[in-house]
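Residue numbers (my numbering), protein chains in the order written: chain A, 1 to 297; chain B, 298 to 644.
FYI, nobody ran anything at the bench for these hints, they're computed from the structure.
Built from N, CA and C at the ideal position, the CB exists for glycine as well.
In silico DSS-like links for lysine-lysine, alpha-carbon gap of 30 Å or less: (1) LYS485(B) to LYS304(B); (2) LYS461(B) to LYS269(A); (3) LYS514(B) to LYS485(B); (4) LYS87(A) to LYS496(B); (5) LYS269(A) to LYS382(B); (6) LYS166(A) to LYS176(A).
Beyond 10 Å from chain B on every Cβ pair, some chain A residues (computed): (7) TYR64; (8) LYS176; (9) ARG182; (10) GLY254; (11) VAL259; (12) MET289.
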Amino acid sequence: MTGTIILQQLINGISLGSLYGLVAIGYTMVYGILRLINFAHGDLLMLATYLAIYLVGIFALPWYVGFPLAMLSTGLMGIVLDRCAYKPLRDAPRISLLISAIGASFLLENLAIVIIGGIPKGFPRPEVFDHVITILDLRIQVLTLYTPVITIALLFGLLFIVYRTKVGKAMRAASKDFEATRLMGINLDRIIATTFFLGSFLAAAGGIMWAMKYPQVNPFMGVFPGLKAFIAAVLGGIGNIVGAVIGGFLLGLGEILIVAFFPEVSQYKDAFAFIILILVLLFRPTGIMGEPIIDKT
Amino acid sequence: MNNARVKLLLNLASIGLLFLILYLFSRYGTEYQIRILNNMAVFITLAVSYNLVNGICGILHLGPNAFITIGAYTSALLTMSAAEKQMTYIIVPLVWPLNVLHAPFVVSLLAGGLMATLFAFLISFPVFRVRGDYLAIVTLGFGEVIRVLANALQGVTNGPLGLKGLLPYTNLWWSWGVAVVTIIAITKLINSSHGRAMKAIREDEVAARAMGVDPFKHLLLAFLISAFFSGVAGGLLAHLITTISPTLFTFFLTFNLLIIIVVGGLGSTTGAVLGAALFAWGGEALRIVERPMDFGLFKIPGIPGMRMVIFSIILMLVIIFARRGIMGRAEFSWDWLLARLGRSEKG
Chain A
1 MTGTIILQQL
11 INGISLGSLY
21 GLVAIGYTMV
31 YGILRLINFA
41 HGDLLMLATY
51 LAIYLVGIFA
61 LPWYVGFPLA
71 MLSTGLMGIV
81 LDRCAYKPLR
91 DAPRISLLIS
101 AIGASFLLEN
111 LAIVIIGGIP
121 KGFPRPEVFD
131 HVITILDLRI
141 QVLTLYTPVI
151 TIALLFGLLF
161 IVYRTKVGKA
171 MRAASKDFEA
181 TRLMGINLDR
191 IIATTFFLGS
201 FLAAAGGIMW
211 AMKYPQVNPF
221 MGVFPGLKAF
231 IAAVLGGIGN
241 IVGAVIGGFL
251 LGLGEILIVA
261 FFPEVSQYKD
271 AFAFIILILV
281 LLFRPTGIMG
291 EPIIDKT
Chain B
298 MNNARVKLLL
308 NLASIGLLFL
318 ILYLFSRYGT
328 EYQIRILNNM
338 AVFITLAVSY
348 NLVNGICGIL
358 HLGPNAFITI
368 GAYTSALLTM
378 SAAEKQMTYI
388 IVPLVWPLNV
398 LHAPFVVSLL
408 AGGLMATLFA
418 FLISFPVFRV
428 RGDYLAIVTL
438 GFGEVIRVLA
448 NALQGVTNGP
458 LGLKGLLPYT
468 NLWWSWGVAV
478 VTIIAITKLI
488 NSSHGRAMKA
498 IREDEVAARA
508 MGVDPFKHLL
518 LAFLISAFFS
528 GVAGGLLAHL
538 ITTISPTLFT
548 FFLTFNLLII
558 IVVGGLGSTT
568 GAVLGAALFA
578 WGGEALRIVE
588 RPMDFGLFKI
598 PGIPGMRMVI
608 FSIILMLVII
618 FARRGIMGRA
628 EFSWDWLLAR
638 LGRSEKG
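When you get a sec, could you build the whole thing from the sequences and use the hints?
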C-alpha cells in the first residue's frame, strides 16, 4: 500500500467521521438534557435531504438558499418532534420515552414511504462541491475537503452558543439539574426546544452533506448514520459536544481504515461500530471526554 | 372440590376447548384462516417471551430478532436434507458438520431454542453491565451484528440468498402447542420467587439488591428463557414461511413485538397474548388500506407503507395517552372471571 493511498483513505475517513460527528452532536445534546436516545434523530437527517431535494430540485432555489432553508425547517421539525413525542412524557418512566422515540422513528420513515415513495431519489449536487482536484497525485472531490471544514465551523458556532450566550448557559444548567434550573426562572421547555432545534439543524447539515457524498436518498437512509453517530457520541463521552465530534472522527477513520487495510472484512463493516460500542461500554463507559453521567430520575 | 382443583380443571377445559376449536379450523377452515391462526400462535410465543424481559424485568431489550434469526437458521439447517443443502448452497458450500447433520422437526426446534440461549448467554455479560438506554442500544446492535453475520457467513447461512424450500412442518398443532407450553412455563416462572425477584428489580434495582436479590442472576435467567422461546418460535416461523433470508429478521420484527406488548400492557402475560392475537388479526385486516380502494365515485390507489404508519401512530398514542395498554399489569384469573359471573347472576 503506497503513501498516496493511505493519505487518500485518511482524508476519506476524516470526511466520513466529520459527518458522524455532526449528527452525533444532536444525540449528545439531547441525551445531556433529557437522558434520552432520540431514535428519530437519524430520520430527521433523512427528512432534511428530502427537503433539500424539493427546495433545490423542484422549487429551483439556488443551493445556498435551499440548503440553509432545509436545515432551518429540519430544526423546526425537531421542535415539533419534541412537542409531540417527548414533551407529554416528561414525567413518565424512561422506558416509555424510549418506546415513544422508536415509534416516532418508524412513523417518520413510513410517512416518508407513504408520501414520497420508497424508490431512491438522486440528490442534486451543486457544481461547487462536484469538481475533482488533484493535489500530489491525489484525486479528491472538493466535497471531501469541504466537509470537515464545514463541520469544524459549525462546531465552533455551536460552542459559541453553548458557552458564550445566556441560552447556552441555561442549556448547561438544564443538563445538570432540572429543578434547580427551573427555580432560577428559566423556561425549561424553551431550553429543551432550543436544544432540539440546534441538534436537528446540525443533523440536517450532516444529512445534506451525506446525500451529496452518497447521492441515493431513500426513507431509511437515516437509520445507519443515526446509529453510528450515536455510537460516536458514546465513544466521545455522551453529553460532551467536543467529545461527540472527536468520537465521530475516530469512528469514521476506524471504519474506513479497517476496510482499506483488511478488505476481506469489508462485509462486516456495519458490525464494527457496534463492537466498538460494546468495548467502550465494557471498559470506559464514560467515553473519551466524558464525565460520569448524573442519573436524573 | 377445593379451589385449586377447580382452577386446574378449568385450565384443562379451556386448553381442551382451544384444541377443539383448532381441530374444527384444521378440518373446515380456509387456508387463509389457518395461516392467520398459525401467525397468531407464533406471535403469542414471541410476545409472551419478549414480555418476560421487557415487561416483567422492566429492561428495554431490543434484540429479540437476533434470537429469532438464530433459532430459525438452526432449525432450518437441521431439517433440510443433505441433498437439498447441496442444491441450495451454490456459491459457497455449507461447512462440515452442518452439511450432513439432519434431525427431526421437534429436535430441530429444541436445538434452535438452545442455540439462541447459548448466544444470549454469551452476550449477557456486556449487556447486563449497562442499563436503560445503553442496554437498549447494545441489544439493538447485537441484532444488527447477527443480521450482518447472516449476510456475510455464506458457508453457514447461504448469505443474502437465504434458505428456500423448507418443508412446511409448522401446523396448527405445533404452533399452538408451543404457544400453550410457553404461556404455562412463563406464567409459572413469573409466579415463582424468581418472578417476584424480577419484578422487584423492575421497581427498584437498588432496593432489590438491598433485600438480597442478585440482579444479574435474575435478569440473566429471564433473558435466557426469553431467548430460548424466541429461538423455538424462530424455528416455527422458518417452517411456516418455508423461505428464510436475513431481510426477514430486521429490527422491524422487534418493533412489531414491541407494539404488541405495549398495546397489550407492559408486564402482563395476558396482555401479551391479547396484543399478539390482535396484531395477527389486525395486521391482516389492515391490509385493505394498502390495496386500491374503490368508493364508486372516486378511487384511491393502494398506498404501500400505510399499515406501518397506522401501527406507529397506535404505538405512540398508547404510550402517550394510555400507558397501561389493554391489561396494565393485571393478569387474567379464574377468580376474577368467576366473581364477575357470580355478580351478573345475582344482579
